[in-house]
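The lines below spell out each chain.
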Amino acid sequence: MDYIIEMLNIRKEFPGIVANDDITLRIKKTEIHALLGENGAGKSTLMSILFGLYKPEAGVIKLRGKEINISDPKTASHLGIGMVHQHFKLVEDFTVLENIILGAETVKNGFLKMDEAKKKVMELSNRYKLYIDPDAKVSNITVGMQQRVEILKMLYRENEILIFDEPTAVLTPQEIDELMDIMKELSKEGKSLIFITHKLEEIKKVADRVTVLRRGKCIGTYNVEDVTKESLSEMMVGRKVQFTVDKKDITPGETIFEVKNLSMKTKGSTKNTLNKISFKVRKNEIVCIAGIDGNGQSELVYALTGIRHFDEGQILVHGEDWTKKSIRYRNSHGMSHIPEDRHKYGLILEYSMAYNLILQTYFTDRFQKRGFLKNDSIHEYADGLIKKYDIRSGQGAQTVTRSMSGGNQQKVILAREIDKDPSIMIAVQPARGLDVGATEFIHKKLVEQRESGKAVLLISLELEEIMNLSDRILVIYEGELVGDLDPKKTTIQELGLYMAGAKRDEVKA
Amino acid sequence: MSNRNSMNQFFDRLSRKKGTGSFISSLVAIGIGLIIGLIILLISNPREAFAGFFTMLIGGFNDGTRSFGNVFYIATPIIMTGLAVGFAFKTGLFNIGASGQFIVGAYVAVLIGVKLPQLGGFQWVLGILAAMAIGTIWEAVPGLLKAYLNVHEVIASIMMNYIGMFMVNYLIKQTVLNVYTNRSLAVAPTANIPKMGLTAIFPGSSINGGFLIAILFVILMYIILEKTTFGYELKACGHNRFAAKYAGINENRSIILSMAISGMLAGVGGALHYLSGAGVYIEVVDVLAAQGFTGISVSLLGMSNPIGVFFAGIFIAWLQIGGFYMQRYSFVPEFIQIITAIIIYCSAASLLIRNYLELRQLKKDENLTADSDGDTADIVNVENQGGDK
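These protein sequences, in sequence, are chains H and X.
Those letters in the first sequence? Residues 1 to 509, by this note's numbering.
Those letters in the second sequence? Residues 1001 to 1389, by this note's numbering.
Next comes chain H alone, as it looks inside the complex:
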């Protein structure tokens, strides 16, 4: 068989842990090979070895059957190995074209030959259907286009082996479909792709073969056709995973949270960012706001939680007018908020985990006395939550939050917000960037909230999450609610039509 790259019996140790234990990964020419594993399974370590960032303790890397030594990323690039990182490495102030040629410029007498470069980039762009605007500044283009720029960077350098590190984590459903097409196109044109992911759906859609890693060990390599989603997830997690959350049949109770005619104006535009939004969330109910990213979801959440002022409308909680209430009042009177961006809003990364767990309650008598923090009670409280929510970290409550993994950081927020015993829980993309196990945990907790008589408002981009969890789906499009759907009676396709603005109903509270 013709393998383009082979990593044979790779072993890599870090003090106290074997990150890669006798792992063998063989990539055939022109295939899309998925690398599946939970956070911490050793995917990144393995790819870092292939990219020359780490040196393995044991094992051999072969390129087209010949043994090679990859000492640094530059060598990897020369050998035709390119990588699209999960967090793009682009210069914001440069144009698309400048970013693509950066580090591989063609120069004549010290001057850049931009025209030639542009011609080559546009050729590539057309050939692989990677549509870009070469003269746009990177800071002004969409995330999807930024990713296409990253892909073009690899193609411009004539890389043959392309590594995609969790490429779909930052994309909308439509962009994900586009990317899948691009990946298929690339393999058709003779490139070999390694696709790092923990999303099973995408593997089924696009990959030819899949290698599963778990806790540093290689579980096996399979043809995607021969395995089911269920068996893949079992191999990845090491136990059976529930994809659908069990939800009891409960009739929703009285209205807890009500929004009336909420509007937010856009500066310098006659079109409102949010326009006359009205809805209710009742006791024992999960209401989901679905929509393509950037249709006003973030602004709506800012308005509901008091982070941003809005121009018209009313917010009622238990019939009490909260329109003008401060953030602190909302925080401490029954509103919980799991923010979209956990690094920007949810956590102070420099603070310890204990200090983050009291972020909205540090001023209560439980944690302070005459202005002095009661460190004993703070730590006691933190230790309790750590146990209850199984938050893992290096040094317990003292751990600096920055050093924790994404899943555990999210658990810190979740623990804090649920422990407040809210009447209304606003969760924005709570499972963003998390693996299957962590996602399952968070979904279970949200359903528990519903069952214990809370009102839950979920804002999500993931259609599967929406269909699974919600009792009612509201679709937002260009700042307006355009659909009020029952997940039992609707389909993902129909939901997609509403999200794209192709279909709309009158929505009343």
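Keep in mind the hints are simulated off the structure, nothing from the lab.
All figures in this text were calculated on a predicted structure; none of them were measured in a lab.
Don't take each hint at face value.
To be verified - Think about it this way: if two alpha-carbon atoms lie no more than 25 Å apart in a straight line, the pair counts; the simulated PhoX-like pairs of lysine-lysine are:
no. : chain 1 : residue 1 : chain 2 : residue 2
1   : H       : Lys325    : X       : Lys1245
2   : H       : Lys388    : H       : Lys374
3   : X       : Lys1245   : H       : Lys324
4   : H       : Lys280    : H       : Lys325
5   : X       : Lys1173   : H       : Lys374
6   : X       : Lys1245   : H       : Lys369
7   : H       : Lys129    : H       : Lys28
8   : X       : Lys1245   : H       : Lys344
9   : X       : Lys1245   : H       : Lys420
10  : H       : Lys374    : X       : Lys1245
11  : X       : Lys1227   : H       : Lys420
12  : H       : Lys265    : X       : Lys1245
13  : H       : Lys283    : H       : Lys247
14  : H       : Lys247    : H       : Lys444
15  : H       : Lys129    : H       : Lys184
16  : X       : Lys1245   : H       : Lys267
17  : X       : Lys1227   : H       : Lys369
Said to hold, decoys possible - Computed footprint of chain X on chain H, listed as stretches where at least three residues anywhere in the stretch have a Cβ under 8 Å from a Cβ of chain X:
no. : segment
18  : 346-354
19  : 371-378
Stated by the list, open to error - One-sided and incomplete, this derived list gives chain X residues near chain H with beta-carbon spacing under 10 Å:
no. : residue
20  : Glu1226
21  : Tyr1232
22  : Glu1233
23  : Ala1243
24  : Ala1247
25  : Ala1290
Heads up, the beta-carbon is just placed ideally off N, CA and C, and yes, glycines get one too.
Keeping the supplied structure of chain H fixed, place chain X upon it in accordance with the hints.
Frame of chain H; chain X shown alone:
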């Protein structure tokens, strides 16, 4: 072999401890600064370079208890300005206006010291309290501008520096001018801060109770920042103002209070310096007070931590005293400023060293908890930290 292992473990534990990273990086910065200083000495006067360098290093030991006490005397005002700058840094603000707050504080202290001898033993206390008040007002103005009009605090503070300097020059001429020397009049003996027994320990030096007052403020600031809910709020704003807002912390209030307290500290520094009874007077010259800018150096070197600032202040004062005695070898005392400047450059670079140490630790920790996959963003964040500040 086992010996080396236990050494490694020791360093591992050391570098894992909170704050050790910054402490080590400050030491590295000082070391590099001194080496470059020695090279400059060698270039300018090779014959006496080593003797001069040695004199500088032994700083406070040059003249027994006298020079030792003077180290603390010199350190007192720059510890105060260092605390001022550091306190603002903790809230994510840059108080570059310590010079202005220092000089207006000095002026009101001297004014009370000259004009109100009838107060007796309370004169110096009132002088310090007045300096606190005016310093507070002086930096609260940029704080208010920042909070409500989003005027950058650096611009506003620089303006306040010049307003302070020219206003004090004018007011001295109007109120307390010694026309023969073109500087402020001597304050009444009761306006000088009592020696509080310190001259008994360091005979012949200019040390006085001001040093103890500075220590008091160091402890006070440490407690505020580390132990109180107020400090929790201020630091939260400094680290991540979005998350602070999310937590319901009033950001504007934090900005204004942090700036006001910062100004107060620098103002006290002015009073402590000019009520020291060491024969210093406010000169009527168009030059910003040097202590304000030295405060920035002290704060950087002390990593904005009150305890760190205390030792950084003493260290810089130590070098300054050393520089004074270097004149024996025909080196100008300004030479110390060059070395201090190099050390500050290095401590800026030491942020990089610290980040490197943190990064290394982070990687280790991540691998230990086997959670290395998910958030490479964190590592990138650590790398960027230097640039953020």
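Consistency of the hints with the structure:
no. : hint                    : in the structure
1   : Lys325(H) to Lys1245(X) : holds, 14 Å
2   : Lys388(H) to Lys374(H)  : holds, 21 Å
3   : Lys1245(X) to Lys324(H) : holds, 16 Å
4   : Lys280(H) to Lys325(H)  : holds, 19 Å
5   : Lys1173(X) to Lys374(H) : violated, 52 Å
6   : Lys1245(X) to Lys369(H) : holds, 23 Å
7   : Lys129(H) to Lys28(H)   : holds, 24 Å
8   : Lys1245(X) to Lys344(H) : holds, 11 Å
9   : Lys1245(X) to Lys420(H) : holds, 18 Å
10  : Lys374(H) to Lys1245(X) : holds, 23 Å
11  : Lys1227(X) to Lys420(H) : holds, 24 Å
12  : Lys265(H) to Lys1245(X) : holds, 22 Å
13  : Lys283(H) to Lys247(H)  : holds, 15 Å
14  : Lys247(H) to Lys444(H)  : holds, 9 Å
15  : Lys129(H) to Lys184(H)  : holds, 11 Å
16  : Lys1245(X) to Lys267(H) : holds, 22 Å
17  : Lys1227(X) to Lys369(H) : holds, 11 Å
18  : 346-354                 : holds (count 6)
19  : 371-378                 : holds (count 3)
20  : Glu1226                 : holds, 9 Å
21  : Tyr1232                 : holds, 6 Å
22  : Glu1233                 : holds, 8 Å
23  : Ala1243                 : holds, 5 Å
24  : Ala1247                 : holds, 5 Å
25  : Ala1290                 : violated, 32 Å
In this structure, the hints that do not hold are numbers 5 and 25, in rising order.
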